[in-house]
Every structure is written in C-alpha cells, then in structure tokens.
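Residues per chain are reported as follows:
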Amino acid sequence: MSSAPTEAGVAARVTATVERAIQRNIKGLEYFGSAAPVVGASERDLIHSRGTMLLYHYRPLADEIFRIPVLLVMATSSRGYILDLAPGQSFVEFLLKRGYDVYMLDWAPPTAAEKHLDLNTYVNDFLPDCIARVQADSGETDVTLAAYCMGGVLSTMYMALNPDGPVVNFVTFTTPINWQKMGLFSTFSDKRWFDVDRLVESLGNVPPEVIVASFDMLRPVSRIAGNIRLWDNMWNDEAVTAFRRLERWGNDTLPLAGEYFRDTTKKLMWENGLVERTLELGGRKVDIGNIKVPFLHVVAEHDHIVPYEASSPLFKMIGSTDKEEVILKGGHVSLVAGANAQKRLWPRLDQWLQERSL
Amino acid sequence: MSEAKLPDPAAMLRDMLGQWEKTSNEAMTQLMATNEFGRAMSQMTSMSLEAKSNFSEIFGKVLTGMNLPTRDELLTVATQIRDVDARLDRIETLLVKLTGASPVAARPAAPRPPRTRKPAQLADSKKS
Chain R
1 MSSAPTEAGV AARVTATVER AIQRNIKGLE YFGSAAPVVG ASERDLIHSR GTMLLYHYRP
61 LADEIFRIPV LLVMATSSRG YILDLAPGQS FVEFLLKRGY DVYMLDWAPP TAAEKHLDLN
121 TYVNDFLPDC IARVQADSGE TDVTLAAYCM GGVLSTMYMA LNPDGPVVNF VTFTTPINWQ
181 KMGLFSTFSD KRWFDVDRLV ESLGNVPPEV IVASFDMLRP VSRIAGNIRL WDNMWNDEAV
241 TAFRRLERWG NDTLPLAGEY FRDTTKKLMW ENGLVERTLE LGGRKVDIGN IKVPFLHVVA
301 EHDHIVPYEA SSPLFKMIGS TDKEEVILKG GHVSLVAGAN AQKRLWPRLD QWLQERSL
Chain D
1 MSEAKLPDPA AMLRDMLGQW EKTSNEAMTQ LMATNEFGRA MSQMTSMSLE AKSNFSEIFG
61 KVLTGMNLPT RDELLTVATQ IRDVDARLDR IETLLVKLTG ASPVAARPAA PRPPRTRKPA
121 QLADSKKS
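Same order as they appear, the protein sequences are chains R and D.
Just so we're aligned, residue 1 is where the first sequence starts under the working numbering, counting upward by one.
Just so we're aligned, residue 1 is where the second sequence starts under the working numbering, counting upward by one.
Read the hints as simulated data drawn from the structure, not as lab findings.
Note that CB positions come from ideal geometry on N, CA and C, so glycine has one too.
The reader is advised that the hints may include incorrect statements.
What the hints assert, rightly or not - Computed footprint of chain D on chain R, listed as stretches where at least three residues anywhere in the stretch have a Cβ under 8 Å from a Cβ of chain D: (1) 105-113; (2) 199-207; (3) 217-225.
Okay, chain D solo, but in the shape it has when bound:
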C-alpha cells in the first residue's frame, strides 16, 4: 500500500499557465492574421516611427541650443572614424597585392594544432 500523492498546487498553476499561454497565443495570432489587423498594425507602426523621428529632430534642436552634440552628430564622427578605418583597409589590401604578404593581420604567434584529425571511427579502425 503506497502513500497517496500529495496534490501540488504550484504544479497545477504551472500547467494552467502553460495552457493559458498556448490558447492565448493561438487566439491572438489568429486575430493578427486578418487583413484588417495587418493594415492597422502597419499604419500604427509607420505613425509611431515617424513620430519618433520627429521627436528626435525636435530634441536635436534643443541639444544644439544647449551647445551639446546630437546623436546624429556623434554618429557622423563615428562614421568618419569608420571611413578612416575603411581607407586603411583599402591601403592594406593594396599593400598585400603589391608585396604578396598574407591578407590576415599578424596575430600573436599561438601554435596552431596540425590539421590531421580523423573521424573517431576511422582512427579506431587504423589502430586495430
């Protein structure tokens, strides 16, 4: 005769959560799959992104008034640094072409393992 299993309210709640998640997701995705929802969502997304863009523009003017750089200005500086980086990259490529050196920048000389590995089965059969 074994002891009866104790009901576990926490486990029951976890099951209920799983069921709720599954049915709610299914119901909502069905709703979202309609043309009406797709159209409405698309309009809302465009509107909210444009509003965000307009807000950034206004905020940028406020920052300029405070003599502080805007995000766009910082990005421009970052872009200029990247352009310099890209130019260096092109120079490096040209040097590689001219000198025939390896296109991969020199790295700390870590020993590379030999490329001689065989699949386990093949290695085992050779041993036997």
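So that you can see chain R by itself, here it is in the shape it has in the complex:
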C-alpha cells in the first residue's frame, strides 16, 4: 500500500523541472552559437588517394598487434567518421586498442569530372588498388575486409571476383543483396516511373540532398521528433553532443557519381543482379557462391534502411563453410556506432576476428 506523495517529494520534482527549463533556455541559446562538435577520434595518415578514393591508416594503439591488417570499407554515400566518432565512442579506437592494424577506405565527394565512375571502377579498380596498398604498407599478404552497407555490396562483388585472395576474412555490416526487398527505395526507383537516365544526364552526379531526402522519407516524422527530443534534452550536455555528432554525420552525406548511381539503379535495383546472378563486371560474372573465406554477416533487427530480408540472402548464397550470422538489436547506424554497438557488436566482432587474425 502506498501513501500520498509528500510535500518534499512534490517540491523536489517541481524544482528539478524548473531547473531543467532554465537550463534548456540557457543552453539552447549556446547551442545556436556554438560550433559543431569535433568528430574523428583516432590519429591517422592518408597513405593513398585518387580522386574520390581515400585510404587511411590508423596509428596502432597497442604494443603488439595481430598479424593480419583490417581494411574497413565505408559506404559510398557516407563519411567514414561514423566509425570513429569520438574517444570512447569509436569502433576504430576499439579495434586499435584490441590490437588490430586498421585501415579505412573512405570517400571524398566525387567531382563533376568523376561522374563517369561506375560500379566496375569501384569494384575492379579502387578496391584492389587499396588492398594492394594495405599489403605494401603492412608488409602482409593476407588482409581482412570489413565493410559497411554499400561498402559491403562493393566488397561482396570484389570478393566474388577474387575468391583466391588476398582477402582471408570477410565481414559485412547491414549489406543489401536482395534489392527487391529494399522497401520504399524499390518503390521510389521503380522503372515504370523512375527515369534514371534522364536524372543522370541532366545532373551528372546525384546531389546529396536527393540521398538525404530519400533516407528521411523512410521515417518521415523522425526528424521532427528528434528535434523535439533535442529540446527536451537540451539541459544534458552529453546527450546534446551525441545528438549533434550523429546529426552532423547524417547531414554530411556525399553525392554519388552519376554512372555509379545509374549502374546501382539498373543492375541492382531493377535487375536484382546479385540475387539473380545476372550481374557482370569487367566482363566477368559476379557469383557470390565463389566466396569461400571465413565470413561474418552482421545485421540489425530494426534496420529501416536495409531490412533483414534485403541482407539475409548474402549469408545463404555465400560459398563459405566457416560462416556466421549475427542479428543484433538496433538500427542501421546504432549497429556500428553508439552505446548499443559498444555493448553488442564490437566485442562480438573482436571475438570472431581474434582467432582469424594470426
């Protein structure tokens, strides 16, 4: 049985509410006047760049590292700092502290002159070039490839075309393979009404606003709700900084090279070339069944951008016998960044990678 709330209890609640309201107003004003939070926690060197392609090496943080270097491949529409947001909130920092030698293939915005870059360039030129640089820089012939979202799609194609190495371990995070299960993206780009040729011919590269808008439309009111939550949490510096880091990343979307966008729409979205096994790059058929190296497939249970049905065929189609699928709670971004990732994904990946990195 419970008694009525005491006067002291009511007074404490009122005081806390008023204090927060005052803090919201003060910090709200500071918010609009302050610079965006710094992102990118770990020291790194740009070891190779060619137009849109950037290859970084992160400086090791352990006294002794695993033999096989890890190459992270970012999605072509997103900045790589989502994997290295801030000290203590960085996937890269976690890997470095656990003793891995980490490289990242990141992307600069393609210029107007790079509109001709197509899927073949990314898969048969940029990826092998970066892998060769990683081999040369590390002095090791074996490499682990770990790729996020569209980076996973490109890496899957590369792996299917290069089954004999040098990649010896393959990890994908939220990688779309069955493009007919991409939900609203499939509806928006249906070939009955989406004229991709006209779009690419008139624009050259696809501007980031189109990509941000299409992501926003998957959850149309979430941006409004997010801003209301930001106001609610304005008194809490930590929550505001975390929100701003992710918001900065979400708005810092990259344009896509025109031909690459055309290829993605036609060969993946319309023809579903990876699942139907019709995709050819550089005159060679891309067969996921060719991939035989140890494989870890990580998917998010509540991913609204790449639903489970879109990524799950990869696990079934891949030819590896040493393969594992991990379905974790969380969404497309929280899978790799944020508290959820720190607790769930990072230790799980470390466990899988350790014994395969010798």
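Given the coordinates of chain R, work out where chain D should sit on it, guided by the hints.
What follows is chain D alone, placed relative to chain R:
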C-alpha cells in the same frame, strides 16, 4: 507503506511523442508505398532537380556578367588539379615498377608494433 509514485507529465509527453512518431511513420510509409505516390514523387524529384539545374545555369550567366567565376569553372580548376595529381600518381607507379621501391609513400618513421599478438585465451593458456 511506501510513498506513491508521483505522476511525471514530462515522461508521459515523451511516451506520447514516441507513439506519435511510430504511428505517423507507419501511416506515412504505407501511403508512400503506393504506386501513385512513387510515380508522383519521381516526377516531382525530376522536375525540382531540373529546375535547380536551370537556375544554376541562369545564375552562372549572371556571375559571368559580373566577371566572377561560376561553380562549374571552379570545379574545372579543381578537376585540373586532380588530373595533375592523377598524373603524378601514374608517374609514381611507373617509378615503383622501374625501381622496385615500396608503392607506399614514405611516412614519418613511427615504430610499428610487432605483429605477434595472440588471442587472449591462447596467450593465457601458454602462460599457465
């Protein structure tokens, strides 16, 4: 006998916000999943992007009239710099082939840790 929990209006509002977000997102995405919406959106996107492209063209003419470089002209200069960069890259590749030097540019000589790390379990079992 414990004190009754105070109702928290702010928490109730947060719950309501969460519910509103969930139901609104579901309702709107259902609407957007229809063919009619897809067709309309596609047409609108094409129209707005083409309008933007036309506006850029007109604005470019205004800038030219003011003797200022347009964005395209600046991009052309950037592209030319990149082309020079790419040419240097090709020269570097050729030099690597000819001399057999490492294809990775020389970096400040930071000591690299040895690649001898073992998984925690394996290392522990060796110690015991």
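Status of the hints after comparison with the structure:
Check result for the stretch 105-113 of chain R against chain D: holds, 3 residues qualifying (beta carbon to beta carbon below 8 Å, three or more required). Remark: the stretch 199-207 of chain R is confirmed as covered by chain D, as 4 of its residues place a Cβ nearer than 8 Å to a Cβ of that chain, reaching the required three. Coverage of a stretch by a chain is defined here by at least three residues with a beta carbon nearer than 8 Å to that chain's beta carbons; for the stretch 217-225 of chain R and chain D the count is 7, and the condition holds.
Violation of the numbered hints given earlier is absent; every hint is satisfied by the structure.
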